[in-house]
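**Student:** Here is how the chains run, residue by residue.
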Amino acid sequence: MSAFRKLLEKSWLVVALVLLWWFASASSTNVFFPPLSVILETLVRDLSSGLLLEYLAFSLTNLGLGLLFAIIIGIGLGLLIGEIRPLRDALDPYVSFARSIPQAALVPLIIGTFGLGPGPKIYTIAFACVFPILLNTIDGVRGIEPTIRRFGKVYRITPARYFRRVVLPGALPQIFAGIRVALPIGITVMVVSELYAANKGVGFYILNSSSTFQMAQTWAGAILVGVVGYFITLIFFRIERLPLRWYFKSGAMAQ
Amino acid sequence: MSTFTIPVVVPGAKACGLSRRARLTISRLAVLVALAGAWQLLYISTLLPEVAPDLVQIVLALFTVLTTSSFWIAVGQTLFGAFAGWGIAAAVGIVLGVAIGTSGFLSRSVEVVVEFGRAFPMLALMPVVVLVIGVNARMEVLMVFLSCLWPILIQSIAGSRRQDQAVADTVAVFRISPFRKFWKVTIPSAMPLISTGLRISASISILVSIGVGVLSQTPGLGRQITMAQEASRWDLAFAYIIFAGLVGWALNSAIAAAETKALRWNRQEA
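Residue numbers (our numbering), protein chains in the order written: chain A, 1 to 255; chain B, 1 to 270.
These aren't lab readings, by the way, just hints derived from the structure by calculation.
Built from N, CA and C at the ideal position, the CB exists for glycine as well.
Don't take each hint at face value.
Claimed, not checked - Simulated restraints, written as ranges between beta carbons of each label pair:
#: 1; chain 1: B; residue 1: K184; chain 2: A; residue 2: G115; range: 55 to 61 angstroms
#: 2; chain 1: B; residue 1: G87; chain 2: A; residue 2: S49; range: 43 to 49 angstroms
#: 3; chain 1: B; residue 1: K184; chain 2: A; residue 2: F32; range: 46 to 52 angstroms
#: 4; chain 1: B; residue 1: L29; chain 2: A; residue 2: F32; range: 42 to 48 angstroms
#: 5; chain 1: A; residue 1: G143; chain 2: B; residue 2: S45; range: 29 to 35 angstroms
#: 6; chain 1: A; residue 1: A24; chain 2: B; residue 2: Y43; range: 37 to 43 angstroms
#: 7; chain 1: B; residue 1: Q165; chain 2: A; residue 2: S27; range: 51 to 57 angstroms
#: 8; chain 1: A; residue 1: P93; chain 2: B; residue 2: V56; range: 19 to 25 angstroms
#: 9; chain 1: A; residue 1: P243; chain 2: B; residue 2: G87; range: 38 to 44 angstroms
#: 10; chain 1: B; residue 1: L246; chain 2: A; residue 2: R142; range: 48 to 54 angstroms
#: 11; chain 1: A; residue 1: F4; chain 2: B; residue 2: V132; range: 49 to 55 angstroms
#: 12; chain 1: A; residue 1: R45; chain 2: B; residue 2: L246; range: 45 to 51 angstroms
#: 13; chain 1: B; residue 1: S45; chain 2: A; residue 2: P243; range: 40 to 46 angstroms
#: 14; chain 1: A; residue 1: R5; chain 2: B; residue 2: L35; range: 38 to 44 angstroms
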């Protein structure tokens, strides 16, 4: 199949849907569903005035820091728990319980108590994202071939080296799978934390405009969050391939 | 220098002294005691915010909450919203997904749209939905549906696209009718991926239904937690969160058990 046809096949539906929305809403007088042209105009206006960009930067910084904490804690704890069997056995019920706590349930407690600043939002995002990463790291460590472990033992390499050169690379594909799961959860919690209470951020923009019936702004904010979320996911899929090149090359993927 | 040992598990090996089970129970209880102790230490050292309850208050709240009818009603409302949205999403997602997945052209066409839908945090649309249909159970079900649809759809498309070459050849050689092929080949081979989609979206359904409650005050666990926090009753909020976790955990285990039972044929190894 030619590249052009492939591109056409992939994009026609998107184009059709956008056009459908554009024309179906073009003469809409319904307050809740403003014309798409108005929504996009609002989006461009608020982006170029810098207001929305500032909010977006605030939200994405929270997301990035929360995710960073989650990755550091998740991988660190995951390597230890996965490698040390007694620890794993003892902690197993607590980990599977903590991961079952619906992440949104913590929003009122953390943000209601610690206020509107970025700190509480980052904690909430980190807590929500840590469990997929932790669980996948544990699974990844456990999935390392026993022969490879025994090699490490036979060569008597130091624990630090053993973790860095044997356990971490072996678990890396699973770890990335965990981060991939954590990413949309993080974005959702980011939005929820701002919709709950904030004075800044994309979620605040959405909430504030809807409570003043500026529906075009509400839609613009929602579209922005969606597009940004989509591109973050896409970018992550690209980045993921770099450190895992050896893994994809080895053909271990069942595709 | 190397006191570092790599745990090697020998199947069937009996540990000496206490039985494995007993040691496991003891170690797990020790963790619980350590967690509780750490909390109490933090409480005494006043590092925690003032509203934080001490251990006794949390334990008491756990029992008090269980005896109140508002708790059970809230659990019911949250589960209803989650289940209704999840069920509709399952029906729509599987039917649409299998229809799309059996056509190569359609599945290539919807790829971008479906990926976008999955990456889209549907709760961002909630303010609009609230204004259009109001704060009620219907809105909650709609939000859960919108969030649960995508994982099920994606897994159903992927599942019905996947086909073993040998199986496809066999179908061609035996000239099996398309209808029969659909029910006997496509659907069973799609089942493992579909059930993964169902499991992923089941946990999303609880997350969204509580999230909607937290944000819009629809009746349910999310609202109870918000109200407890606003009344500075951290002990109650803690109890609600712990039970919300238990509900999620029970749901996950139930689905995992059902999955193992339904898909036993697919689990030759392990």
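**Student:** Find the hints from earlier in the document that the structure breaks and name them by number, from lowest to highest.
**Tutor:** Violated: hints 4, 5, 6, 10, 11 and 14.
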